[in-house]
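For the record, the sequence lines run as chains A and B. Heads up: the first sequence begins at 1 in the numbering used here, then just goes up one per residue. Heads up: the second sequence begins at 1 in the numbering used here, then just goes up one per residue.
Some hints here could point you the wrong way.
Sample of chain A residues at the chain B side, in silico, Cβ under 10 Å [to be verified]:
| # | residue |
| --- | --- |
| 1 | Asp-75 |
| 2 | Gly-150 |
| 3 | Asn-165 |
| 4 | Ala-167 |
Which chain B residues stay away from chain A? Per the calculated CB distances, all over 12 Å, these [what the hints assert, rightly or not]:
| # | residue |
| --- | --- |
| 5 | Pro-6 |
| 6 | Lys-17 |
| 7 | Gly-41 |
| 8 | Ile-85 |
| 9 | Val-90 |
Hints are computed from structural coordinates only; laboratory data are not their basis. Every residue, glycine too, gets a C-beta built ideally from N, C-alpha and C.
Protein chains: 2
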Amino acid sequence: MGKVAPGSVLVIIDVQKGFSDPRWGVRNNPDAEKMMEKVLGEFRKHGLTVIHVRHDSKNPNSLLHSGKETFQFRDEVKPLEGEMIITKHVNSAFIGTDLEKVLRKMGNPPVYYMGLVTDHCVSTTARMSGNLGFESFVIEDACAAHEATGMNGEKIPAQVVHDVNLASINGEFARVLKSEELEF
Amino acid sequence: MGKVAPGSVLVIIDVQKGFSDPRWGVRNNPDAEKMMEKVLGEFRKHGLTVIHVRHDSKNPNSLLHSGKETFQFRDEVKPLEGEMIITKHVNSAFIGTDLEKVLRKMGNPPVYYMGLVTDHCVSTTARMSGNLGFESFVIEDACAAHEATGMNGEKIPAQVVHDVNLASINGEFARVLKSEELEF
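Next comes chain A alone, as it looks inside the complex (with noise of 0.2 Å):
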């Protein structure tokens, strides 16, 4: 059911140093990290392209803008040499970047998706890529979203923000899907 057809691509999205500040709030799933190396060490294993996506912010006082320490990959998901690596100013990966044209020229392959945060560049990442005919896929428990305020101004849970991204994404732009139902 979760069968990875061949030519499929996985791209991670800002798994970067500076989202494990607790400025940003409490996460759910803290095992997303090691969820996603398992992942990438899978398509690695069977030879599939890996494209590693970072977000560059323009403001020179986030955490994620390149001058930053914190601008780097963690660890787990560090790119080896030859890798591709798409840089990023806003939500979406495939604004400004040539991640689509990348994609077009590799003849459109199946997408999976991963990464931080699912109520952000995840979920706007994955809404395009289906939208612009990509069959698209997200491994949720490789994925994690900060918990949020609502609009009354209520706390809203980190997993709550999680659950409603995904399943908002879910059969409209993409299949999610857990890590354990992939088939190499």
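Given chain A, put chain B in place with the hints provided.
Structure of chain B alone, referenced to chain A:
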């Protein structure tokens, strides 16, 4: 605080008859269309540009396929002679359409979004709008969502789908505000 700047544009998303069908499941905010009618009236009264977006599904069985009566706009938001209509085929009103080009040509005005449904076409369009650099607003009580199914098969109430999706947009992609906050 909710001052609508001169030159602002209102974009109304997918308020078509087909969405009244019970097949979509329980919806929140039954007054959404009444609010839309009111907001639309204000934008018209102040001579601001209104853009009507409609969804033309490529699936001939869809209620939003252009061959069907249910493809028509609901009466509350029916375009007037001379108002712009943009037809899209995916969730985002920016993909496969001239919307970005139209807004650029207008000098990148602030854009207000409302319509159906919060979690799919409204969210995706507002996310892209912000990421494309447009100052973006979503009018929360002039949007609505249907109940959804979570990844573990649980029902997510329509109001939760609506609220969490708006919280995920607010401050990151767009400012979410209530219709009563709008000042013309």
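Tested hints:
no., hint, result
1, Asp-75, "violated (27 Å)"
2, Gly-150, "holds (5 Å)"
3, Asn-165, "holds (6 Å)"
4, Ala-167, "holds (5 Å)"
5, Pro-6, "holds (27 Å)"
6, Lys-17, "holds (21 Å)"
7, Gly-41, "holds (24 Å)"
8, Ile-85, "holds (20 Å)"
9, Val-90, "violated (4 Å)"
When each numbered hint is compared with the structure, violations occur for hints 1 and 9.
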